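Asker: Going line by line, the protein sequences match chains A and L.
Residues 1 to 105 in my numbering are what the first sequence lists, from first letter to last.
Residues 1 to 410 in my numbering are what the second sequence lists, from first letter to last.
Quick caveat, the hints were computed from the structure, so don't treat them as lab data.
This structure is a prediction, so every number in the text was calculated from the model and none was measured.
Misleading hints may appear alongside valid ones.
Said to hold, decoys possible - Away from chain L, derived, C-beta distances all over 10 Å, residues of chain A:
no. : residue
1   : C65
2   : K75
3   : E78
4   : D98
5   : K99
Unchecked claim - In the BS3-like style, the derived pairs of lysine-lysine whose C-alpha atoms are separated by at most 25 Å in a straight line are:
no. : chain 1 : residue 1 : chain 2 : residue 2
6   : A       : K89       : L       : K145
7   : L       : K54       : A       : K28
8   : L       : K145      : L       : K168
Glycine included, every Cβ here is placed at the ideal spot set by N, Cα and C.
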Amino acid sequence: MSEENWIEVGSTDSIEEEDLIRFDHQDKTFCVYRLTDGFYATDGICTHEAVHLEDGLVMDDEIECPMHQGIFNIKSGEALSPPACEDLKTYPVKVDNDKIFIKID
Amino acid sequence: MKKNIIILGGGQAGIYAAREIRQNDSESNIKILGEENLLPYERPPLSKDFLLDKKNEDDLYFHSIEVIKNENIDFENVLINKVDFEHKKLFSKNEDVYTYDSLLISTGSDNKRLSLDNNLSDDVYYLRNLEEAKIIKEKVSDKNKITIIGGGFIGLEIASSLSQLQKKVTVIEIGNQLMGRIIPKQIADLVQNTHIEQGNEIILNKQIDKIIKKNGIYEILLNDNSIIETDFVIAGIGSTPSVKLFENTNLKLDNGILTNQFCETSIKDVYAAGDVCNFYHPFYERNMRLESYQHAQNHGICAGKNIAGVKTEYTSIPWMWSDQFNLNLQLTGICDDYDEIIARGNDINNGVIYFFLKNKIIKGACGLGIAGKVGRDIRITSKLTEKNTIVDKQILSDQNQKLNKLIQKQ
Ligand SMILES: Cc1cc2nc3c(=O)[nH]c(=O)nc-3n(C[C@H](O)[C@H](O)[C@H](O)COP(=O)(O)OP(=O)(O)OC[C@H]3O[C@@H](n4cnc5c(N)ncnc54)[C@H](O)[C@@H]3O)c2cc1C
Ligand code: FES
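In isolation and in its complexed conformation, chain L is listed as follows (with noise of 0.2 Å):
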């Protein structure tokens, strides 16, 4: 039969979704709706080598308007900004009306705002899109003292690439180590060091009280009464899903729109991926919101095979990357429920993994290396933990034992 299928959101998931539903089914209309005013395009670059000139806007885009166009997959670049569930209608500001038969929100994550209580809140920056990446890069190019507030992910990552373009880089983190919520400690600790031997300051156990405009400079008072003297501020503290549009609709939300396996929302014909679902994940038997590229990619993958009618359930073993100078570091499955720890090895330059097991099955694990050092045993790692391999351990802890051993052994 053929549908009306709306994709809200034209980001990395919309896209991967739009293109397998026409695998998939070649009558019904894909119309993906998109604020931004581009094609989709991969945003792991915007922190990385688009700050630092190794990649250009036309490097970024997933597929050329040719591919779009060829299967038959219409682009309308608008900001929807209200949503009839009952009537299957959504709505732009200039009360355009798009009425669907099936709909897949993929709306992404939003940047948490800082709170300033004086008018400063225009001379924060903040990175999430290509337009942003492009002021920042602007902005920054006359200035020297950077401070960027928040150590997580993003935040270090154009600490990197500020650094590698010669600037005087200060991050200032609420916690008492980096990346806090997701890292372990000695892995942290691991990429902290590398940005010191960089010339990065770091500063741990620290908020900001105020933030005060004086000739130009900014003065960051944190709450130990110190002050940081800077040119240029710009905050990564962190990222809510983009559900504002659904807060009062009867779709359930909580921390993101919640979705069942096969990317099915509360509401009949409405889906979700990427970003913004907290989904349920059937092998951890429990709920989780991933903002990763390969979720992205995959659970638009799933919602696309979903909406055209072949069933399919979500099980990837989550898996996200963060390049930082010339460590890659990579996180897979989930890290926060074990009974044990195992390391294996200890110098960067040969890779370092920490392994979290329970019940003797590793439940995730996390690595740094340099370059590609640890991506290899991380990626046999999720192999293993997809079939609830149980591991030897004087394997995993030894470095020159290869891990396919394990795989192998089955």
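Same shape as in the complex, but just chain A (with noise of 0.2 Å):
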């Protein structure tokens, strides 16, 4: 693993628990979760339709599109349920001095 793919999302303190922000690196959209056991982190866009993920709905483990109603595991990226069929990709995340950092690869 090298160093330098670790990217600064930012403070522990920004994202609430139960839910997430977006974070935009060069082309691609991220989403950042913070769970009761952690910080995770997925692609940005559902993978049904081009939409952003941060509209979303954290409900447990799961991440719920705000269009559809697709449902992603967050932690495995699996779809759960239609019109959601493909995976989400899903990154590496490690906190440091209470920074988050995802692994992009």
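Using the hints, build the complex out of the two chains.
Answerer: Okay, structure coming up:
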């Protein structure tokens, strides 16, 4: 793992529990979540149609797409409910000195 | 006990029921009988991404043939044209006989047809299935002026797609607003503005008197004597439950097949699910018929559980969406039984929602926004409705305050 792939997203208190923030880096959009047991990151756009998941609802370990209620597991990216059927890409997250970093490949 | 379970109608409710039965019952024979020679597929893209060539046929199927076979579900392409509930038999046109122990009816809905008093009925196109979507797509490719009769969801979605294909689209609606039967006028007007901004012509309060064909061009005569010239006519004037087959039987019908909260019909061992049902909703304490993706799926699953002997009430709060241009409209609950309306937001870029309350509880809401702007709030609204939460109206009307506050407050 090369160090430079860890990108700083922001401070840990920028995300409320059971919520998410959108993070744009270069041409890509990510969603970074704060769940009860830590921080997670996924692609920021639904795999069903090109809609930002930042407007979706986080419930337990799931993110529900705001457009057609497709549901994904935040930790595994698995598509759990139609019309979403393609999994969402996930990214490693680490916290260092109250700062959140995600590893983008 | 190993049973013969037949599912009549191979659409969304049918396939979800079949898979749910299999989850709970590994033994019984499950057979889906479907008139369309296609595995169950999603209809929403037919009026949207399929017309726009953003999705093709292969993108529409709920499950591959492997998944269906692996679960030991049989799918047979056949049109059933007679039923004998007394002897638990179904008959095809070729007189094949299918005997069941339990039957699920999930025959969906049929488009209403215009009654034209000349021989132009075949010149008006309708959209319900993949076959019709293919025909429309092919036929409009060399046409310019398209007229859509009916300003309901499907008509407007087609209007949006064809406009994006650079067609000159006119929508003629008999009522005084678009999507009149279920959508609040404030939202309908915002949708109408977008259609007009995108170049579509919307004509309200007008009825078709006649359609005439002259040199390959159609003239549509309206009741105010105006004439619309057009190259192609599509009608989307609503639908009716597919119940023709049962009209002379003792199955109880009233705007669809009447079912209770367990998807049971008036006949023992006969269940129904999806668009074809007028079902009892215990939460609203009334019957309703819904034509929506989420309902077809959840109602199918509920019927599947009940058929497999897992007694389950259907209590889902209704929800549906419509996508037109870059707008996403969502409707949850019921919006026709209220004593107060509260608005949240006034700009579609951030989302606009109207809440319908009765005794301080939200019974339904309708929202419109660019892409998914109203999704989260509409979803939270369903939860508040489901839990009969008395809501703080100030939070509801203030877009700067998050609605999840209302959930956390309980
Ligand atoms: C163009 C279009 C766009 C839509 N867009 C949206 C949307 O954006 N959002 C939303 O929430 N909902 C939308 N819907 C609604 C949604 O697709 C339906 O509510 C859903 O498909 C209903 O599922 P069903 O299983 O009840 O019926 P269907 O999916 O219609 O399936 C019924 C099946 O039964 C078959 N059948 C009927 N009679 C017989 C018989 N006698 N013998 C054998 N087979 C028979 C039919 O051929 C059909 O294949 C749309 C519908 C259409 C048509
Ligand atoms: S865009 Fe996310 S489910 Fe459709």
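Asker: What are the numbers of the hints that this structure violates, sorted from low to high?
Answerer: As far as the earlier hints go, 1 and 6 are violated by this structure, in ascending order.
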